[in-house]
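Guided by the hints, dock chain B onto chain A, whose structure is given.
There are 2 protein chains.
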Amino acid sequence: MIAKRDFPVYKVRRYLEPGPIVLVSSRWRGKTNIMTMGWHTVMEFAPSLIGCVIASGNHSFHMIRESGECVINLPTTELVDVVVGIGNCSGARIDKFAKFGLTADAASEVKAPLIRECHASFECRLHDDALVGKYNFFIFEVVKAHVAPEPSHPETLHYTGDGVFVVSGDVVDKRALFRPEMLGP
Amino acid sequence: MIAKRDFPVYKVRRYLEPGPIVLVSSRWRGKTNIMTMGWHTVMEFAPSLIGCVIASGNHSFHMIRESGECVINLPTTELVDVVVGIGNCSGARIDKFAKFGLTADAASEVKAPLIRECHASFECRLHDDALVGKYNFFIFEVVKAHVAPEPSHPETLHYTGDGVFVVSGDVVDKRALFRPEMLGP
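Protein chains in written order, with our numbering: chain A, 55 to 239; chain B, 55 to 239.
Since the hints were made in silico from the structure, they are not lab data.
Some hints could be false.
Said to hold, decoys possible - No more than 16 Å apart at the CA atoms, straight line, and that leaves these computed lysine to aspartate or glutamate pairs for EDC-like:
hint : chain 1 : residue 1 : chain 2 : residue 2
1    : B       : Lys-165   : B       : Glu-195
2    : A       : Lys-228   : B       : Glu-120
3    : B       : Lys-65    : B       : Glu-98
4    : A       : Lys-188   : B       : Asp-183
5    : B       : Lys-228   : A       : Glu-132
6    : B       : Lys-188   : A       : Asp-183
Said to hold, decoys possible - Label-pair ranges, simulated between beta-carbon atoms:
hint : chain 1 : residue 1 : chain 2 : residue 2 : range
7    : A       : His-207   : B       : Arg-233   : 31 to 37 Å
8    : B       : His-116   : A       : Lys-188   : 24 to 30 Å
9    : B       : Asp-159   : A       : Pro-101   : 37 to 43 Å
10   : B       : Asn-142   : A       : Arg-147   : 49 to 55 Å
11   : B       : Lys-153   : A       : Pro-234   : 19 to 25 Å
All C-beta atoms, glycine included, are put in the ideal place defined by N, C-alpha and C.
Chain A with its partners taken away, still in its complex shape:
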């Protein structure tokens, strides 16, 4: 595992726009938790906004709503059994860091922990809860990003439902066909 380094927050689309399953870590009243999440989207470059659905039945829902914070962590394919395990038990009864052998590192801007074994970790603050009541839809601002510099294209997990994932494969560079202003910041 290569140590993560600071990464520009306005570039997190690099890792999240492809649509990977992520692990969301939280801390509230001295306890930590982790949940899996597949329903998320980039919403803006600057501020760096991520919208996501956290079902209210999840133990993490109230921890994240009350603390107003979380960390979105990017697991790679080696962690697939951990990802599935985390999604199939509740933090109400279990310390998921201990149960799944994960390491909680201190974040710098939020109290929620980083997951060391993940390729990237994005520290988030709740930015807008206007749609939480109606859709369980949270809008977070990424306030600090940590990314392992290698590999440049980690193999990520993309969930299709029914217990089946597809993993990210070949890289296709089409930069030559883009107008410069369409390449993003």
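Same frame as chain A, now just chain B:
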């Protein structure tokens, strides 16, 4: 190209949760248009809700807002040059169906056209525009879904920014590790 068949709308997460680039087709005042979109997320199974960002600078923005409709189409990797081309020109000046050799098929529930060359097409009606003003964030209900039955795991494009895509690769079936109630509807 295998003809598409009806597909249950509550299962569209099967194709959209993995996070592919999609092509959004629209029709307003007798004109059609197509845009590429990478910022989208599943929000609910039933009703089948998809949230997405359509930047207000896009020609499609007003067409979709005024008509209250669109079709979300899933292109596969063979269409990568078309996807890039569509994202790098404006429908204000160009008929994108003609320019890119795509076929507009009639939808059944909306006036926006299906793109025949795509693997799947999801007819959408605007469900909630509460966050359009602030974030250009639209919530659509998928009211009808059309999917080609083969291949079961089409190779899709996942955008990382900077003109670079990753394509979907191997399939990993972890169903045996899931609690039945976690597999979704």
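Hinted pair B/Lys-165 and B/Glu-195, Cα distance within 16 Å: holds, 15 Å
16 Å Cα cutoff - pair A/Lys-228, B/Glu-120: Measuring from Cα to Cα gives roughly 33 Å; hence the hint is violated.
Outcome for the supplied range 37 to 43 Å, where the beta carbon pair is B/Asp-159 and A/Pro-101: holds, 40 Å
Cβ distance range 49 to 55 Å for B/Asn-142 and A/Arg-147, holds or violated: holds, 51 Å
Distance restraint between A/Lys-188 and B/Asp-183, which requires alpha-carbon spacing of 16 Å or less: holds, 13 Å
Pair hint outcome, B/Lys-188 versus A/Asp-183 [Cα-Cα no greater than 16 Å]: holds, 13 Å
16 Å Cα cutoff - pair B/Lys-228, A/Glu-132: holds, 13 Å
Cβ distance range 19 to 25 Å for B/Lys-153 and A/Pro-234, holds or violated: Distance hint for B/Lys-153, A/Pro-234 holds at roughly 21 Å.
Pair hint B/Lys-65 and B/Glu-98, alpha-carbon separation not exceeding 16 Å: Roughly 10 Å between the alpha carbons, so the hint for B/Lys-65 and B/Glu-98 holds.
A/His-207 paired with B/Arg-233, Cβ distance criterion 31 to 37 Å: holds, 32 Å
Verdict for B/His-116, A/Lys-188 (Cβ pair) under range 24 to 30 Å: holds, 25 Å
The structure does not agree with numbered hint 2 stated previously, though it agrees with all others.
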